[in-house]
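Visitor: Sequences listed follow chains A and B, in order. Per this note's numbering: the first sequence = residues 300 to 546. Per this note's numbering: the second sequence = residues 13 to 259.
Misleading hints may appear alongside valid ones.
Chain A residues, not near chain B, derived (Cβ > 10 Å throughout) [stated by the list, open to error]:
no.	residue
1	G308
2	F377
3	S382
4	I391
5	K512
6	T523
7	L540
Capping the alpha-carbon separation at 25 Å, the derived lysine-lysine pairs in DSS-like fashion look like this [claimed, not checked]:
no.	chain 1	residue 1	chain 2	residue 2
8	B	K85	A	K320
9	B	K246	B	K227
10	A	K512	B	K26
11	B	K126	B	K90
12	A	K320	B	K90
13	B	K246	B	K218
14	B	K90	B	K38
15	B	K227	B	K38
16	B	K26	B	K244
17	B	K85	B	K38
18	A	K337	A	K320
19	A	K320	B	K83
20	B	K90	B	K127
21	A	K337	B	K144
22	A	K399	A	K337
Quick caveat, the hints were computed from the structure, so don't treat them as lab data. Built from N, CA and C at the ideal position, the CB exists for glycine as well.
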Amino acid sequence: MYRFIFHVGQYFIFLSRVFVKPERWNIYIRQTIREIDKIGIRSIGIVTLISVFIGAVLTIQAVYNVKTPILPNYIIAFAVRDSLLLEFSSTIIGLILAGKVGSNIASEIGTMRITEQIDALEMMGVNSASFVTLPKIIAAILFNPVLMILSNIVGIIGGWVAGFTTGIIASDEFIYGLQYNFQPYYVTYATIKTLVFAFLITSISSYFGYYAKGGSVEVGNASTQATVYGSVFVLFFNLVLTQLLLV
Amino acid sequence: MIEVRNLSKYFGEKQVLSNINVTFHKGITNLVIGQSGSGKTVLLKCLVGLLIPEEGQILYEGVDFISLSEKEKREIRKTIGMLFQGSALFDSMTVEENIRFPLDLFTQMTETEKKERVNFCLQRVNLHNVNKLYPAELSGGMQKRVGIARAIALNPLYLFCDEPNSGLDPKTAILIDELIREITEEYGITTIINTHDMNSVMRLGKNIIFLTEGKIAWQGNNQQILDAENEKLKDFVFANTLLQRKP
Numbered sequence: 300m301y302r303f304i305f306h307v308g309q310y311f312i313f314l315s316r317v318f319v320k321p322e323r324w325n326i327y328i329r330q331t332i333r334e335i336d337k338i339g340i341r342s343i344g345i346v347t348l349i350s351v352f353i354g355a356v357l358t359i360q361a362v363y364n365v366k367t368p369i370l371p372n373y374i375i376a377f378a379v380r381d382s383l384l385l386e387f388s389s390t391i392i393g394l395i396l397a398g399k400v401g402s403n404i405a406s407e408i409g410t411m412r413i414t415e416q417i418d419a420l421e422m423m424g425v426n427s428a429s430f431v432t433l434p435k436i437i438a439a440i441l442f443n444p445v446l447m448i449l450s451n452i453v454g455i456i457g458g459w460v461a462g463f464t465t466g467i468i469a470s471d472e473f474i475y476g477l478q479y480n481f482q483p484y485y486v487t488y489a490t491i492k493t494l495v496f497a498f499l500i501t502s503i504s505s506y507f508g509y510y511a512k513g514g515s516v517e518v519g520n521a522s523t524q525a526t527v528y529g530s531v532f533v534l535f536f537n538l539v540l541t542q543l544l545l546v
Numbered sequence: 013m014i015e016v017r018n019l020s021k022y023f024g025e026k027q028v029l030s031n032i033n034v035t036f037h038k039g040i041t042n043l044v045i046g047q048s049g050s051g052k053t054v055l056l057k058c059l060v061g062l063l064i065p066e067e068g069q070i071l072y073e074g075v076d077f078i079s080l081s082e083k084e085k086r087e088i089r090k091t092i093g094m095l096f097q098g099s100a101l102f103d104s105m106t107v108e109e110n111i112r113f114p115l116d117l118f119t120q121m122t123e124t125e126k127k128e129r130v131n132f133c134l135q136r137v138n139l140h141n142v143n144k145l146y147p148a149e150l151s152g153g154m155q156k157r158v159g160i161a162r163a164i165a166l167n168p169l170y171l172f173c174d175e176p177n178s179g180l181d182p183k184t185a186i187l188i189d190e191l192i193r194e195i196t197e198e199y200g201i202t203t204i205i206n207t208h209d210m211n212s213v214m215r216l217g218k219n220i221i222f223l224t225e226g227k228i229a230w231q232g233n234n235q236q237i238l239d240a241e242n243e244k245l246k247d248f249v250f251a252n253t254l255l256q257r258k259p
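Bound conformation, chain B alone (with noise of 0.2 Å):
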């Protein structure tokens, strides 16, 4: 479980992030949603530590992130797996280095192992005999694949996802979509996702947070959502044409 309180971030004058207070909770996808510019990327590097807020408090199981040490932040770190949006697989890399990438750096493991739990992770993403290509030579959706299994790679207790579906063509936008939920049950992750894809909100939202203006407008779930009262929130979610033809 990860909690925010009071978490308030600023670029220069600007107030990017205001009084956020919120609760991602354990085995189950939680959303971030809002327009362009609404503070959800922001939000998410502020809980991985990639922007340190000028304000709050970001607690991992009780443990406040922002006033650990470098040295105990790569231990919670540990435990952190990131979906990015273009899924920043390291081009130099092949398949097989960028998802052993994080085996190297923080386990103890034989050679043997690694490469089992390469093929593991791989395979929990339906994905075979990639091992050896480059990011370059594999599709979007097959990039976004990768990026899951090097997310995973580590059994990580929380997995971070930026717009999980930018670019992706509907099939297989439910495709990660699916995975992203399977693998969230299965190993009982505390998943937050950002998106602005009403999709994938009514999916996987068993726990949404409407940003705008970098505050928290609403908050409820795939069931609530259609039928609530907040005018912003109903120019995001209505603005999906497929949504406005429902009664």
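Next up, chain A with everything else stripped away, as it sits in the complex (with noise of 0.2 Å):
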């Protein structure tokens, strides 16, 4: 208990390094730009690969379960949509993206420490928690929405080309049930969990990275338990989230 107080205590002082006005914003756009290309650009091919099976393996669930001669057929679309809007395309790429982006966050930061990388910077009088941190937490907040999105879209394809394909749902039918009931609040609330469990993933494992000490040890330490703590945050927050947004 005393140490997750003294996380807790230590991660606000980080982050009130982090939120400093830069030295030089030119530097900073520049590497946010290159963040984006790290953090999200390239996660572009995972959340794609595991949103269209999830679709997929919805529409088929859904069928199973939800299929009778008192419903209609359509109701299997609306429930993969709104699966996947409300949950899975943000707090399911939340927690892969706690994993995958994570502990590239905490190695590579820990790796900066470790190589006296951080004590270069401080020594030309550079805020290194900011430089380390705010760029990846700002391309994070930019870009994964831009994920959340295309998740949805995908895991919809996914869901859409199960059905037709195993002739469990008629083509017509799934696109009559994506456009039924539509909720535009939904959409909103996604976002709003994404861009929180964004600010969480990064901050989070860059707090990790930062107070690595040590070798290679300590820093595969870091990356898990930047994975750990990162996955945690964002199901106690999607708890806290849901509750507040939709109830």
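Hints given; two lone chains; assemble the complex.
Guide: Here it is, written out as structure tokens:
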């Protein structure tokens, strides 16, 4: 418990160092563009792959669970759309990015720490906490909503393809179901969750990387901690935000 | 010139530097030598402001660095170049971006001027056609030379080198030593080198400070060191088998 409180305190002190006016905006902008590529664009592949399979599996499961003579077939597409929008495209993708991006960030910053790159920044008078973290947070906040939208689109396509190729739901019924009783607020809800998760994943993993000490073993530990804590906080804030925004 | 007065540094209860009084002169290579754990790196980190000593003063041309505000320290940091033990080049940047980093940070140079300055620094350390390479693509000796190029990019008044020869073959080590000596004499820099390499000591030692258990145990030059009467210094110097054969 003491360690947890210590980490929470140190995390907020770390954030107070991260959110300060940059020494030179142009350097930060250049770094942010680089991070959009590393954190965002390079995650498109994994997000697409997972989303298409989630969409396909959701469709098949929905048929298995929901299909009865008293319910119309388009309800399947309706269920798939809302499941993707409300939960899978934000939370599941958040958890996957907590693993992929979180461990990447923690090991990158941890390696910078143990190879004295952070000392080099400090020696030049650069606020190292801000320089290594802020571009990552901004990049994730800017690009993760794009990944969320992509995940929804690809997931729906996966579900549609699974539906008509297996013959469990006709294409026109699926498309009708996608448009049935659409709630635009769900997009707002999913976007808010995605933004919060983007902040949590990047800031928590940066924190563990920044305070890594020792050698490769410690950097590995920091990477593991970043993934575990990132995932736990994504799940916790998923609950909090759902309660706040939907109930 | 850098003067250190009554400098002491503690890590918790443990005193790692004790009442250090020394002057590092301009235009010559000042060497800090001693066994591992003697306090060399801590002294260097105190001098550049990466560690804050509990007692004492560090005077850059008579100005107490420790008592300055962060903004004032930044002005002095513009005049400091540092070569780290592992070079501490930024992995995510190319050689060119590494060298231009301090230029982006501290100068209002145009793109063309920055390019010219980068090329000049690379030529000065005898490196050609490496601008677009990443640090991981360079050998250890080349990384050190890029580290020196980055350190001299802003025409520093002070150059700090932490174990510049560690991990290098003897021939490359001589090359790096010569480069540091030439740059020091050419630009009239105050250079401070941390080393336990006796070859470097004999080549560069115009002003040598021998540290043991956080205290200055001996001071002199490379002409005097072989005849010094200090027992701990003798143990250190004559641990090298090549020097043991010397009559």
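Visitor: Any hints from earlier that this structure breaks? Give me their numbers in increasing order, please.
Guide: Failing hints: none at all.
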